[in-house]
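Asker: Residue numbers (the numbering used here), protein chains in the order written: chain H, -8 to 334; chain V, -8 to 334; chain F, -8 to 334; chain P, -8 to 334.
Wrong hints could be hidden among the right ones.
Identical copies carry no separate label here, and so any pair may be met within one copy or between two of them.
[Claimed, not checked] Only pairs whose alpha carbons sit at most 30 Å apart, straight line, appear in this in silico BS3-like list of lysine-lysine:
1) Lys273 / Lys196
2) Lys6 / Lys318
3) Lys302 / Lys42
4) Lys57 / Lys318
5) Lys227 / Lys145
6) Lys115 / Lys66
7) Lys2 / Lys145
8) Lys196 / Lys57
9) Lys2 / Lys302
Since the hints were derived computationally from the structure, they do not count as laboratory data. Nothing here was measured: the structure is a model prediction, and the numbers come from that model.
4 protein chains.
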Amino acid sequence: MIIILSSSATKENLKHVTQMLEERGYGVHLSEGVETTIVGAVGVPSDPSGKAEVMEQFQALPFVDKVVSVSKPYKVVSKQFHPDPTIIDVRGIKIGDPAFVVVMAGPCTVETEAQLMEAARAVKAAGAHILRGGAYKPSTSPYSFHGHGEPALKMLAAAREELDMPIITEVLDVRDVDLVCRYADILQIGTRNMANFPLLTEIGKTQVPVMLKRGMSATIEEWLQAAEYIASQGNKNVMLCERGIRTFETYTRNTFDINAIAAVKELSHLPIIADPSHATGKASLVNAVSRAAVAAGADGIIIEVHPNPEKALKDGAQSLLPEAFVKLMHDVAPIAAAVGRHI
Amino acid sequence: MIIILSSSATKENLKHVTQMLEERGYGVHLSEGVETTIVGAVGVPSDPSGKAEVMEQFQALPFVDKVVSVSKPYKVVSKQFHPDPTIIDVRGIKIGDPAFVVVMAGPCTVETEAQLMEAARAVKAAGAHILRGGAYKPSTSPYSFHGHGEPALKMLAAAREELDMPIITEVLDVRDVDLVCRYADILQIGTRNMANFPLLTEIGKTQVPVMLKRGMSATIEEWLQAAEYIASQGNKNVMLCERGIRTFETYTRNTFDINAIAAVKELSHLPIIADPSHATGKASLVNAVSRAAVAAGADGIIIEVHPNPEKALKDGAQSLLPEAFVKLMHDVAPIAAAVGRHI
Amino acid sequence: MIIILSSSATKENLKHVTQMLEERGYGVHLSEGVETTIVGAVGVPSDPSGKAEVMEQFQALPFVDKVVSVSKPYKVVSKQFHPDPTIIDVRGIKIGDPAFVVVMAGPCTVETEAQLMEAARAVKAAGAHILRGGAYKPSTSPYSFHGHGEPALKMLAAAREELDMPIITEVLDVRDVDLVCRYADILQIGTRNMANFPLLTEIGKTQVPVMLKRGMSATIEEWLQAAEYIASQGNKNVMLCERGIRTFETYTRNTFDINAIAAVKELSHLPIIADPSHATGKASLVNAVSRAAVAAGADGIIIEVHPNPEKALKDGAQSLLPEAFVKLMHDVAPIAAAVGRHI
Amino acid sequence: MIIILSSSATKENLKHVTQMLEERGYGVHLSEGVETTIVGAVGVPSDPSGKAEVMEQFQALPFVDKVVSVSKPYKVVSKQFHPDPTIIDVRGIKIGDPAFVVVMAGPCTVETEAQLMEAARAVKAAGAHILRGGAYKPSTSPYSFHGHGEPALKMLAAAREELDMPIITEVLDVRDVDLVCRYADILQIGTRNMANFPLLTEIGKTQVPVMLKRGMSATIEEWLQAAEYIASQGNKNVMLCERGIRTFETYTRNTFDINAIAAVKELSHLPIIADPSHATGKASLVNAVSRAAVAAGADGIIIEVHPNPEKALKDGAQSLLPEAFVKLMHDVAPIAAAVGRHI
């Protein structure tokens, strides 16, 4: 941690800062410049515990201009701590394997058994590895459809039986974690819950693989700290999911942050999945963004497919028809090959 | 709802759209222009239930260019539905009263009884009406302080006894709603939980007044829909809190959206409170932004005050010293008077 | 400048950094921590010249994690360099005077002599000090109206004669600077031209007062550097204008950054003007945001007023009718008084 | 254009709107709903001239809730108007050819002849088609390096002679257009000048190919309107360049909007180039984002390469070493092949 004093700081102020540092167990290293004094806090323990508070305390001093962190605010999920990529085995599917790109697909929401099975058979036939489908759906409007709950989970489990595909489904209420864990192969944490710390903590106590979506206005650093919540509780089976961030652009629903795919790979050992459906909000753009994500190094993609988008209860505008998903699989395969991976 | 067809849409496509509308109970009104056809869906019931899905279904059609909503996606909280301002009575303090500006103040987090009481006595003496203090704190880092929980609630209750000040405190875990309701006069929903729909729904089932902070990247419309979650469950005692939104600016922690104060007043009847502490993240800016918020018509302000910010466990950089809070009260009072209100 | 090495940096890397610093005339100050080494560059000259390049050069080294600037990237416009507020005298009107709030008003664009004079007489009668009106207008669409050019400048000059009001008008083409300077009392630089460096430089060579609007996605620091372009050329008569920034919110045209009013006051000695018309894009919100800006400490406001907004060639939606402007003046006056100023 | 009246609009208000439409030559089509009345303006001429003004005039009416545009605000650059892709021939290199991906590379800024030639030879040897290099550089700080001007243009021309590579270079002052046109094969318009309308207009009067960078906070629609400025003057040789947009993320310099690559392809016939160097600001991310851009369908990439980034006068942190550029060419080629193109 580095503390930059304001140019008007006095000797007294400097003494105050060094005393505060010493009280908190830090060594002190001074650089007195022409315009200001810089105080380095040496001997920072590698455990990030308590770091944020201490930084804010120094920031609270009126004669401090800036406080700069030197170390990263996460540890368990950082590449520095664990250089090899994490590979999560989900019923034999190895997510994060450098030679493999996983494809998850299915409807946004489980509506009926017929709808789910039609979508599931179609995505399986096209080569998808994992079936997605929502039993609990967050909705901006209180009057929208919120999912069928446990009956939908049962339909997903039945689809898994029939098609031998693992299933991923969202949990959004901390009270449902146990229930959803009984059905899901992968838990999904949605963008609105990336900073739902009680939910992260509960899921951290299980060993069920979890896909953590980025908050729509979360920085990469905050996202990795959210992953740290889960991993620091003991559940290391965390994969990240870039699903687009909120910007001023209105032609698309979100802006897919392709930089983040590569950035996460240099900061963390966790697998990273791309969600082009939510990131664009437009079926016509999903194929191109899927190709891009795999080219950038994503470990997988998750795609909304609906047999009849114009009757979908959620996200029709971004859902692919089964035939468009077949084309997507066809178009993504050579991209995966170009980066040395197979689907 | 208006559906704008793409310029290449055929007669068949148009027929498809009108049939879909008729199946969903809408009347149809066509405007065939030179370049495209516009389909008006007439007879939309004023109940917004199901609207979002239907809009998405039309958006899913490849020959539809745009779907435009005509009515607002919220009702109970809208000014159109309820033109008079909502006034929430909290132990005799009338929040939302056009002649009154409420001041809530206190430490970010309850740390010790001594710290809480010192802050509470100071803000009471300076004229604050309601005591704030966190017992449960959301933190970006899993290693940060998360609040003392129920013991802190007890300290707040004791402060209320001694000082005859109602208390506001955050609830962030849906499992804690009952517990926090036993202590709090006003529940606070934090920015990270604005779209925590299970939490909104549970709180909607109580009658405890609630202050709903805007999500840091939520539009005003989404924020009002979050309020609608609570109000549509039966709890009409909702006040809104603008606490700054996330933008590209880095000098301040957030950007206080002053437009939103006036915008909420024209869209909704709910009281609106301003949080200059979080909206700026800098103690030096809190006074000016408090004045601005009251000038723009805010029904109240909520201010972080700490007897010793450099020892605060949270948010030291934005906490005022008691003497700075005295000055703030002194500076805000004439602004309130200038807009015909008293503190 | 502080250079934080990555945790994997070697002794060789460190030597490389210190040599680079010495070659560039910096003293070197090392803090070797447990996890990384921090290199302080001491003896930085207070002239910011060349600083940005040097920082980027260190950032280019693969074993450097972060480069942190200690000093501000502007000097002439900084409060540190010049603590007293700049007061710009425009035909006797003292912009930036701590006891005074200037009001500039008039139509977005000069359309006809009749329209201009009707607006000008109305705003003069209501108490405005300076007349605004565009002769050259930037438009997103090439097919929109771009202003009448010199004939409009002549109409503005005639209005000045008749009403004894100084005039402010925009210059957007560097080739027009001389021409516009012959008419204008204050030059306006629009949001799209905040980073038009040739234009800033040319205007810096004059002594004509200039109002520099913030770029719609410019940070406060970039905005002050743009002002530094002008001031460092010799023209110190610079005032800043906050006109809203671009965010994800769509209800308003822009988001007025009220924090910036107070932030500019702590960073710079230049006067700061607020433009609630562009910052909201909605006539119904202009009064509230004008009050807020003055309460926060703005040195003035600039307001679009049109005798007949529904016939305006630009910005009708945000223009006030003359009677609404009268009410605004009436409502802002007591706010100015509350902060110890008069209008 | 569709005009949605507010729910409180009267018969008189409606009459006012229809009269205004008729005065402006529009046919009128009414849909009277339960809650509000929708007025369709029929017979809109396909020429977008004057559209924006008219929309704003209706928006100015207090009893109008919303005005929705039906047609796009650009025409010459739209795919609807010209479905086949534009192919721009630059000394035999066919930019926009569906079978080809162009690679532009070179230093950010021309510093010395030695530096330029070393970079130029390296990128030529690695397979780049076009040499980039700045003679005029926009800089946030007035104290930074601004380019060598005409001498740098001469060095670029000499490099073209020696290496038989066309050159692209930025023009940022409208007064330099003639001069730069005498040297450049492609003019570059930088992000800060996307809305410099005099510059766009002057360049529109030439026939020199031009690469128009997206403004850092411009929507795709605004960017296409900027291209329309150039094309509507007669210069149809316009290519677009996505260089990242400004968001809240701070780990990267900008956020590369990969959605925009695909979106531009569905809205316009113009070629689209990707600039991963500026879009990331980090050399370590350039390879991945280049692969992504080509996978998404970009017609080319433009890459900063410097023989010695730690001595670069601009943008060292994002410049590739020659050997890293060789690797990039090697990695991008199979991606191009996977989408049916060659480099």
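Asker: Does each hint hold? Answer for all of them.
Answerer: Hint-by-hint comparison with the structure:
Proximity of Lys273 to Lys196 under the C-alpha cut-off of 30 Å is found in neither arrangement, the shortest distances being 36 Å within a copy and 37 Å between copies. Taking CA atoms no more than 30 Å apart as the test, Lys6 paired with Lys318 passes between copies only; the shortest distance there is 28 Å, against 67 Å inside one copy. Taking the closest pair of Cα atoms, Lys302 and Lys42 come within 30 Å of each other only across two copies (13 Å); inside a single copy the shortest separation is 51 Å, beyond that limit. Within a single copy, Lys57 and Lys318 get their C-alpha atoms only as close as 52 Å, which misses the 30 Å cut-off; across copies the closest is 25 Å, which meets it.
Taking CA atoms no more than 30 Å apart as the test, Lys227 paired with Lys145 passes inside one copy only; the shortest distance there is 27 Å, against 36 Å between copies. In this assembly of identical chains, Lys115 and Lys66 lie within 30 Å of each other by CA distance neither inside one copy nor across copies; the values are 37 Å within and 43 Å between. Taking the shortest alpha-carbon separations for Lys2 and Lys145, neither the intra-copy value of 69 Å nor the inter-copy value of 42 Å comes in at or below 30 Å. Taking identical chains as interchangeable, the C-alpha atoms of Lys196 and Lys57 are never at most 30 Å apart, the minima being 37 Å within one chain and 35 Å between chains.
Taking identical chains as interchangeable, the C-alpha atoms of Lys2 and Lys302 lie at most 30 Å apart only when they sit on different chains, with a minimum of 21 Å there against 71 Å within one chain.
Going down the numbered hints, you'll see the structure goes against 1, 6, 7, 8, while the others check out.
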